[in-house]
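Trainee: Sequence:
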Amino acid sequence: MKDRVPFPRFRAQYLAVWALYAALALLWVADLSSARTGHAGAGPRAWLFPVVGPVIAGLVLLPAARPRAVTWRMAAAVVLSWLLTGFLLLPGERIVNGAWGLLETACLLVALVRVARREGPPGVTVALSAALGVAVIVAPLRMAELQLMVFCSFLLTFCVGAAIGLGSYLRVLDGRRVRAISAVREGERRELARDLHDFVAHHVTGIVIQAQAARTIRQTAPEQVDPLLEGIERAGAETLDSMRRLVRVLREEEGEPLRPGDTLDELPSLVAEFTRNGGPPVALEVTEAARRARLGPEVETSVQRVVREALTNVRRHAPAAPSADVRIDADAERLTVQVRNAPSPDRRFAPLGGRGGFGLLGLRERVEAVEGELRAEPTADGGWLVAAAFPAPGGAGPMAGSPR
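The sequence shown maps to residues 1 to 404 in my numbering.
Keep in mind that the hints were calculated from the coordinates and are not lab data.
Honestly, I wouldn't trust all of these hints.
Between beta-carbon pairs, the in silico distance windows are [unchecked claim]:
id	residue 1	residue 2	range
1	Ala76	Ala283	56 to 66 Å
2	Asp329	Ala213	28 to 38 Å
3	Val124	Gly187	26 to 36 Å
4	Gly175	Leu15	18 to 28 Å
5	Gly58	Val172	22 to 32 Å
6	Leu270	Trp72	51 to 61 Å
7	Ala289	Arg68	45 to 55 Å
8	Leu155	Leu270	51 to 61 Å
9	Val124	Leu284	52 to 62 Å
10	Leu270	Glu186	17 to 27 Å
11	Gly58	Phe151	21 to 31 Å
12	Arg171	Glu333	17 to 27 Å
13	Leu26	Arg190	51 to 61 Å
As the structure is a computational prediction, the values presented were derived from the model and not from experiment.
All C-beta atoms, glycine included, are put in the ideal place defined by N, C-alpha and C.
Work out the full structure: start from the sequences and follow the hints.
Mentor: Here it is in structure tokens:
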């Protein structure tokens with residue numbers, strides 16, 4: 001049976017989010033039930049919890065466009081909770097039916113996790129976390145039953161500690177991911193710098209040889225000097241173009257020299273090796289227009305990197321895919337690379353915290369460094385597509401289907 005869900009890990013995330021919403025809804029129902037069966041002397045006060053709870057839930061859970069808005073919403077939620085607690089601590093205002101606002105407490109714990117996870121000013125984070133934690137712990141003081149009040153506050157102390165611990169753990173994971181992404185991008189920049197060294201050396205060597213030849217034949221065959229000068233001009237322009245694109249990339253390690261112009265010829269062996277190593281059969285199509293296209297050497301190696309990374313992802317995430325195809329085409333403005341695999345019945349799930357994903361991120365960094373575009377998306381039949389567009393001598397146009 002074919003799995004029609006293109007993002008299994010995203011489906012798990014959605015299920016987790018909806019499970020949280022369902023749990024909060026059940027807590028709100030519990031608050032409603034408690035209000036309906038409350039003590040006769042409570043009067044309208046028993047309905048404060050079912051009303052205030054959804055308001056705090058909206059402040060905590062609704063998305064915000066800016067990080068500062070998140071901080072203000074968390075602060076508004078904790079202030080509202082403190083005001084409700086203060087009102088119910090007034091003489092004669094306590095609720096005696098064993099409820100103190102379950103939905104409100106759960107949302108404040110979620111807010112505590114979010115605040116502990118977010119990057120922000122340390123003073124604001126500590127103050128807001130302390131206010132949220134204390135608001136959760138003192139909420140049971142709204143009840144009149146002393147023994148139950150003390151017991152619930154004791155349990156909520158552990159809940160507050162767990163929320164702070166979870167938020168801090170997620171913050172550490174976020175920091176690790178940011179550092180890993182930076183390392184991947186830096187690695188791609190260094191590899192591009194190594195390519196730049198080899199390509200510039202190749203062009204400069206050709207310029208020197210042509211200049212020496214022009215000096216040698218300028219007396220005996222002056223009619224051949226102009227073609228040599230044109231070759232020098234063309235090689236110099238290509239060298240300057242490569243340096244303009246990668247001028248900020250620093251070379252730090254030695255690499256194997258790459259030969260410009262051989263990239264497309266090496267793709268059949270790359271595809272054959274992929275199939276020999278356990279991958280599905282791959283159909284490779286390189287159009288004549290793509291073979292005639294004049295590309296910068298750094299673009300040529302980027303084309304090969306796109307194909308290699310896309311096929312690696314096929315083996316990693318869709319090992320049972322029946323087939324894959326690679327198509328390289330070109331027109332007057334761009335060269336396009338498309339790697340597509342058929343839907344696989346065996347889909348491998350990724351953990352909710354995220355693992356991997358840096359290959360495509362580094363690939364995007366490389367493609368954009370040479371003024372190209374990259375997109376990766378599911379296909380209508382449940383497969384996967386990786387597409388890249390690189391500028392050709394006529395200029396670069398946007399990829400079909402990409403947002404403008």
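Trainee: The structure should be examined with respect to each hint, and the outcome stated for every one.
Mentor: Comparing the hints with the structure gives:
1. Ala76 - Ala283: 56 to 66 Å: Once the Cβ atoms are compared, 58 Å apart, the range 56 to 66 Å for Ala283 and Ala76 holds.
2. Asp329 - Ala213: 28 to 38 Å: About 37 Å separates the Cβ atoms of Asp329 and Ala213, which means 28 to 38 Å holds.
3. Val124 - Gly187: 26 to 36 Å: holds, 35 Å
4. Gly175 - Leu15: 18 to 28 Å: holds, 26 Å
5. Gly58 - Val172: 22 to 32 Å: holds, 29 Å
6. Leu270 - Trp72: 51 to 61 Å: At 53 Å between Cβs, range holds.
7. Ala289 - Arg68: 45 to 55 Å: holds, 51 Å
8. Leu155 - Leu270: 51 to 61 Å: Cβ of Leu155 to Cβ of Leu270: about 60 Å, so the range 51 to 61 Å holds.
9. Val124 - Leu284: 52 to 62 Å: holds, 56 Å
10. Leu270 - Glu186: 17 to 27 Å: Given a distance of about 25 Å, which is inside 17 to 27 Å, the answer is holds.
11. Gly58 - Phe151: 21 to 31 Å: Holds - the Cβ-Cβ distance for Gly58 and Phe151, about 30 Å, lies within 21 to 31 Å.
12. Arg171 - Glu333: 17 to 27 Å: Once the Cβ atoms are compared, 45 Å apart, the range 17 to 27 Å for Glu333 and Arg171 is violated.
13. Leu26 - Arg190: 51 to 61 Å: holds, 53 Å
Violated hint for the displayed structure: number 12, the only one.
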